[in-house]
Amino acid sequence: MRRLAPMLLAALAVLAVACEKKTQPTGEGGGQPAAQVPAVAQGGGTPAGDDVIVLGEVGALTGGQATFGISSRNGIALALKEANAAGGVKGKKLVVRVYDDQSKPEEAAQAVTRLITQDKVVLILGEVASSSSLAMAEKAQAAGVPMITPSSTNPTVTEKGDFIFRVCFIDPFQGFVMAKFARENLKLNKVAVLQDNKSAYSIGLTEVFRQKFAELGGKITVTESYSQGDTDYRAQLTAIKKTQPEGIYVPGYYSEVGVIARQARELGLKVPLMGGDGWDSEKLFELGGSAIDGSYFSNHYSPDNPDELVKKFIADYKADYNGAVPDALAALAYDAARVAIDALKRAPDTSGPALRDAIAQTKNFPGVAGVITLDAKRNAVKSAVVLKVADGKASYVTTIAP
Amino acid sequence: MSQLLQHLINGLASGTIYALVALGYTMVYGVLKLINFAHGDVMMVGVYMGYATAFALGREAQRSLWGVVIIFAVAMGGCALLGFLIERFAYRPLREKPRLTALITAIGISFALSYGFQLDIGFLPGASPRAFPEVIVPTEWFIIGDRDVVVWNWQVISFLIAVTLMVTLQFLVYRTRFGKAMRAVSWDHRTAALMGIPTDRIIALTFMLSSALAAGAGLLYAIKDTSVSPLMGLYVGLKAFVAAVIGGIGNVPGAVVGALLLGLVEEFVVGYAASTWRDAVAFGFLILVLLVKPGGLFGRVAAEKV
Numbered sequence: 001m002r003r004l005a006p007m008l009l010a011a012l013a014v015l016a017v018a019c020e021k022k023t024q025p026t027g028e029g030g031g032q033p034a035a036q037v038p039a040v041a042q043g044g045g046t047p048a049g050d051d052v053i054v055l056g057e058v059g060a061l062t063g064g065q066a067t068f069g070i071s072s073r074n075g076i077a078l079a080l081k082e083a084n085a086a087g088g089v090k091g092k093k094l095v096v097r098v099y100d101d102q103s104k105p106e107e108a109a110q111a112v113t114r115l116i117t118q119d120k121v122v123l124i125l126g127e128v129a130s131s132s133s134l135a136m137a138e139k140a141q142a143a144g145v146p147m148i149t150p151s152s153t154n155p156t157v158t159e160k161g162d163f164i165f166r167v168c169f170i171d172p173f174q175g176f177v178m179a180k181f182a183r184e185n186l187k188l189n190k191v192a193v194l195q196d197n198k199s200a201y202s203i204g205l206t207e208v209f210r211q212k213f214a215e216l217g218g219k220i221t222v223t224e225s226y227s228q229g230d231t232d233y234r235a236q237l238t239a240i241k242k243t244q245p246e247g248i249y250v251p252g253y254y255s256e257v258g259v260i261a262r263q264a265r266e267l268g269l270k271v272p273l274m275g276g277d278g279w280d281s282e283k284l285f286e287l288g289g290s291a292i293d294g295s296y297f298s299n300h301y302s303p304d305n306p307d308e309l310v311k312k313f314i315a316d317y318k319a320d321y322n323g324a325v326p327d328a329l330a331a332l333a334y335d336a337a338r339v340a341i342d343a344l345k346r347a348p349d350t351s352g353p354a355l356r357d358a359i360a361q362t363k364n365f366p367g368v369a370g371v372i373t374l375d376a377k378r379n380a381v382k383s384a385v386v387l388k389v390a391d392g393k394a395s396y397v398t399t400i401a402p
Numbered sequence: 001m002s003q004l005l006q007h008l009i010n011g012l013a014s015g016t017i018y019a020l021v022a023l024g025y026t027m028v029y030g031v032l033k034l035i036n037f038a039h040g041d042v043m044m045v046g047v048y049m050g051y052a053t054a055f056a057l058g059r060e061a062q063r064s065l066w067g068v069v070i071i072f073a074v075a076m077g078g079c080a081l082l083g084f085l086i087e088r089f090a091y092r093p094l095r096e097k098p099r100l101t102a103l104i105t106a107i108g109i110s111f112a113l114s115y116g117f118q119l120d121i122g123f124l125p126g127a128s129p130r131a132f133p134e135v136i137v138p139t140e141w142f143i144i145g146d147r148d149v150v151v152w153n154w155q156v157i158s159f160l161i162a163v164t165l166m167v168t169l170q171f172l173v174y175r176t177r178f179g180k181a182m183r184a185v186s187w188d189h190r191t192a193a194l195m196g197i198p199t200d201r202i203i204a205l206t207f208m209l210s211s212a213l214a215a216g217a218g219l220l221y222a223i224k225d226t227s228v229s230p231l232m233g234l235y236v237g238l239k240a241f242v243a244a245v246i247g248g249i250g251n252v253p254g255a256v257v258g259a260l261l262l263g264l265v266e267e268f269v270v271g272y273a274a275s276t277w278r279d280a281v282a283f284g285f286l287i288l289v290l291l292v293k294p295g296g297l298f299g300r301v302a303a304e305k306v
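Chain order of the listed sequences is A and B.
Following UniProt numbering from start to finish, the first sequence increments by one per residue and tops out at 402.
Following UniProt numbering from start to finish, the second sequence increments by one per residue and tops out at 306.
Just so you know, the hints here were simulated from the structure itself, not pulled from any lab data.
Misleading hints may appear alongside valid ones.
[To be verified] If the Cβ cut is set under 10 Å, some of the chain B residues that face chain A in the computed set are:
1) L57
2) E60
3) G67
4) W152
5) D200
6) S227
7) S229
8) S275
What you are looking at is a predicted structure, and each value in this text was computed from that prediction instead of being measured.
Just so it is clear, CB atoms sit at the ideal spot from N, CA and C, and this is done for glycine as well.
With the hints as constraints, model all of the structure from the sequences given.
Now the structure itself:
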């Protein structure tokens, strides 16, 4: 069967071209579950009629952070489906146009321009990766179209301007949570840091972690770095091992962290690894295998939460996506879409400034990943959970409040 | 001291893999004067062929000696076929066109493969990185001190496989009729054709050989770093290309030496300085070598024939 691979080369070339122009207008009005596979281009760019409100979404559907983008898309699709089933907003159905940015900030910025100028969206949802959101925020702010990032935690994202919001906490808080947890719960004295220096997210977490950990009386033995996409971390880990740390803070993304865990164990580093919400993917367990067991990461939400709203969300999500348990990114995207829909309902019209003011007034909104109140800096204030990895799953350990 | 030794082992491990990939660049450049930018992606396809074969075999069989042999055979054979098809349908029609045309085609094929494989349709694997199965069950073979230096069985086995492949290649190029013909084509393909050498067939065989080597290298890479993704070929391919240029592109021993040097330089930069500097130093090293010896370490600067 594999022999077919080369035969299809020509077909591939054509598909690759199509993939460059990936447009997936997934009109969720029909309520049919969005397939796991992104639909191939459907023309895209056709201006919508008067009876629908078009939202834009940019996500990493391919590339290194693909599971983030796919989870987010699923969460948003579910929220829209529910809103449409309940009659839509102002008598109109909601539709979302999704563009793939291939996990690249440049592509994300382009997608936003396209959503605004061509698709005339009223609001933009995305991205997960802070680097991409930063690139998008620039464009959205300039055009005066509100943007809500479900899960970009780098503080500078919302500092881009008054049209940029988020429904999650920010990096300093995750670094704070893990520093506190490492020092007070795990009682670690010496910790090494391995950061991804291509990612604004990773650098942000590292900065606060180092500061807070030292403040609490701990010692950072060494800070090493890698670049996203690397697969060999043995040089850094060998250097880290020499400093004999009791733990390693690795605030990177799952695709690298799993491999880092394996190589750390291989070099004889048996101490726990710690990280942030970038670890949150089923892939972490596949890539890390048993090497990742005994590690901890901070996150936005835990599916173990007994809250009714969370339970209903998990049940609906499972029903729509072949029994998949929603990860935090799906939960946050779902929340972001619901905050957007709530604002659309409250706003007098769908113009940029009206929507912006409506979103800014979001207060005590019951999200599945915590109660959302937006502060003056357009960030959500809420608590974080710490999860422990064991036997191929992450389980709830504790909640750390701001 | 033990840290130095561990870095040396790590650096050699990456270096031998770069070497296998670099050999493919160098051989194709030798016969066609074409930088085959799709080479790294052919390697990636080989890795996925190995991945699929390992799964088809199942957990037990993939770990047996025969399982590993089958995985390598399927991946290398499959890639040889892929290399043949790429040469036949993408490069051969452009043989008499300006060299730039073939170069751009190579870049096109590279993107078609690396982005095509990110689709999640049919046999295509999708974008997410996957864990390559442990076809060689990791066992610690040598431990020095209190786990100061650890050498694993797969590191030794990979090294031996890489060396075997390189020695076989050396034999093929310098001791067989095919090798002689290949060198003749590399020297001057028009004259070689006049001497009755079937240049088309030799070029096709060179592509098949270099693609099979790439698949072998890719599998060793996947065993080493356990994570495979459709974009892995771009990265490894670029590094191997640099290695080939450092050694003198077109020169077989040069590619090996260049790759080992590059592997070690990268490892020591990351281990003792910072990973941020890795690529800067690697490419700085390339520039330095080219300034001192424009043809690369082992290359000869030939006057362009007019």
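Status of the hints after comparison with the structure:
1. L57: Violated, about 13 Å.
2. E60: violated, 18 Å
3. G67: violated, 16 Å
4. W152: holds, 7 Å
5. D200: Result: violated, 19 Å to nearest chain A Cβ.
6. S227: Holds: closest Cβ of chain A sits about 5 Å from S227 of chain B, inside 10 Å.
7. S229: holds, 7 Å
8. S275: This interface hint holds because 5 Å falls under the 10 Å limit.
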